[in-house]
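Colleague: Given next are the chains, with one letter for each unit.
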Amino acid sequence: MSVDNSVRDAVLRAVPSLRAFAISLCGNVDRADDLVQETLLRALANINSFQPGTNMSAWLFTILRNLFRSEYRKRRREVEDGDGSYAESLKSQPEQNSRVEFEEFRTALSRLPSDQREALILVGASGFSYEEAAEICGCAVGTIKSRVNRARTRLAEMLAIEGAEDFGPDVATRAVLATTNE
Amino acid sequence: MDMHTPETAKAGARLGRDIQNKIGQQLRAIYDEVVSEGVPDRFADLLRRLDDRGEDNK
Numbered sequence: 690m691s692v693d694n695s696v697r698d699a700v701l702r703a704v705p706s707l708r709a710f711a712i713s714l715c716g717n718v719d720r721a722d723d724l725v726q727e728t729l730l731r732a733l734a735n736i737n738s739f740q741p742g743t744n745m746s747a748w749l750f751t752i753l754r755n756l757f758r759s760e761y762r763k764r765r766r767e768v769e770d771g772d773g774s775y776a777e778s779l780k781s782q783p784e785q786n787s788r789v790e791f792e793e794f795r796t797a798l799s800r801l802p803s804d805q806r807e808a809l810i811l812v813g814a815s816g817f818s819y820e821e822a823a824e825i826c827g828c829a830v831g832t833i834k835s836r837v838n839r840a841r842t843r844l845a846e847m848l849a850i851e852g853a854e855d856f857g858p859d860v861a862t863r864a865v866l867a868t869t870n871e
Numbered sequence: 202m203d204m205h206t207p208e209t210a211k212a213g214a215r216l217g218r219d220i221q222n223k224i225g226q227q228l229r230a231i232y233d234e235v236v237s238e239g240v241p242d243r244f245a246d247l248l249r250r251l252d253d254r255g256e257d258n259k
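Chains as they are written, first to last, in the numbering used here: chain A, 690 to 871; chain B, 202 to 259.
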């Protein structure tokens with residue numbers, strides 16, 4: 690199996706983002722890297738089924754997610770991350786955030802149901818469209834939208850970022866403004 | 202923690218833009234932290250090895 694240079698470069702370019710996604714799924718850097726390795730091997734072995742001109746990154750994310758899901762079913766108990774081990778698995782903090790606030794966010798993120806966390810990360814961090822995320826997760830676009838909404842609401846609740854009700858009047862105002870354009 | 206019913210999903214639509222921005226910012230910070238580590242050697246090596254092997258075999 691000889692891999693075209695441009696294909697290999699596209700795969701390599703996707704690796705950093707694949708790792709970030711894998712860590713969010715596994716909650717453990719070592720396991721995440723094993724998952725990425727498995728994904729790369731699987732992808733290159735099936736490179737002929739990749740359609741040139743389509744999104745290489747989305748293709749790799751799909752493979753990674755499917756591998757994770759099939760493993761997850763086998764090892765459900767080990768993978769559960771209700772104790773926040775995902776939060777602890779990442780050690781360093783970017784300077785621009787206060788440490789405490791950052792840790793709170795990580796813990797809250799790790800407590801989301803995995804399907805919500807996955808949807809939120811694909812759309813909110815990986816930069817995929819709702820349509821791409823739906824394809825990666827093998828579900829309807831509406832399902833992704835609802836998972837992302839639920840994830841945001843849960844996070845806001847857990848972090849008690851200025852209770853949602855405080856924003857009621859603002860939202861009402863915006864709604865009024867929005868309707869004037871329709 | 203409370204059980205979350207479908208009302209939670211509706212509340213999502215009510216979340217203010219400020220909250221959404223804040224969540225998005227923190228999410229990307231966590232994600233980008235990993236992305237900024239780039240491609241670990243093990244993966245660069247893996248792809249190079251596969252490539253060499255591919256050329257040897259053909």
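Where hints are given, some of them may not hold.
Claimed, not checked - Facing chain B, according to a computed beta carbon distance under 8 Å, are these residues of chain A, among others:
no., residue
1, R697
2, A699
3, V704
4, Q726
5, N735
6, V789
7, L809
8, R841
To be verified - Derived Cβ-Cβ restraints for the label pairs, each shown as a range:
no., chain 1, residue 1, chain 2, residue 2, range
9, A, A849, B, R243, 20 to 26 Å
10, B, R243, A, A829, 23 to 29 Å
11, A, D719, B, D219, 33 to 39 Å
12, A, I736, B, D246, 32 to 38 Å
13, B, N222, A, D693, 28 to 34 Å
14, B, R218, A, N735, 26 to 32 Å
15, B, D242, A, S818, 14 to 20 Å
16, B, Q226, A, G831, 21 to 27 Å
17, B, S237, A, S818, 21 to 27 Å
18, A, A734, B, D242, 35 to 41 Å
19, B, A245, A, M847, 36 to 42 Å
Just so you know, these hints were derived from the structure itself, not from any lab. Please read these numbers as outputs of a predicted model, since none were measured by experiment. Even glycine gets a Cβ: it sits at the ideal position worked out from N, Cα and C.
Colleague: Next step is simple, just say for each hint if it's right about the structure.
Modeller: Structure-based check of all given hints:
Because the smallest distance between the Cβ of R697(A) and any Cβ of chain B comes to about 6 Å, under 8 Å, the interface hint for this residue holds. Taken as an interface hint, A699(A) does not check out: its beta carbon lies about 11 Å from the nearest beta carbon of chain B, beyond 8 Å. With a least beta-carbon distance of about 5 Å to chain B, the hint placing V704(A) at the interface is held under the 8 Å criterion. The beta carbon of Q726(A) comes within 6 Å of a beta carbon in chain B, closer than 8 Å, and the hint placing it at the interface holds.
Hint status for N735(A): violated, given a least beta-carbon distance of 13 Å to chain B, over 8 Å. Here the hint on V789(A) is broken, as its CB sits about 12 Å from the closest CB of chain B, past 8 Å. Interface hint at L809(A): satisfied, since its Cβ lies 7 Å from the closest Cβ of chain B, which is below the 8 Å cut-off. The restraint placing R841(A) at the interface with chain B holds, with a minimum CB-CB distance near 6 Å, inside the 8 Å limit.
Checking the proposed 20 to 26 Å range against A849(A) and R243(B) shows it is violated: the Cβ atoms sit about 41 Å from each other. Roughly 36 Å separates the CB atoms of R243(B) and A829(A), a value that falls outside the hinted 23 to 29 Å. A hinted range of 33 to 39 Å holds for the C-beta pair D719(A) and D219(B), which are about 37 Å apart. Look at I736(A) against D246(B): about 18 Å separates their beta carbons, and that is not inside 32 to 38 Å.
About 41 Å separates the C-beta atoms of N222(B) and D693(A), a value inconsistent with the hinted range of 28 to 34 Å. Separation of R218(B) from N735(A) is about 42 Å and departs from the stated range, judged on CB atoms against 26 to 32 Å. Checked against the given bound of 14 to 20 Å, the beta carbons of D242(B) and S818(A), roughly 32 Å apart, lie outside it. About 26 Å separates the C-beta atoms of Q226(B) and G831(A), a value consistent with the hinted range of 21 to 27 Å.
Take S237(B) and S818(A): their Cβ atoms lie about 23 Å apart, and the range 21 to 27 Å holds. A hinted range of 35 to 41 Å is violated for the C-beta pair A734(A) and D242(B), which are about 22 Å apart. Distance hint check for A245(B) and M847(A): the Cβ-Cβ separation is about 38 Å, which falls inside the suggested range of 36 to 42 Å.
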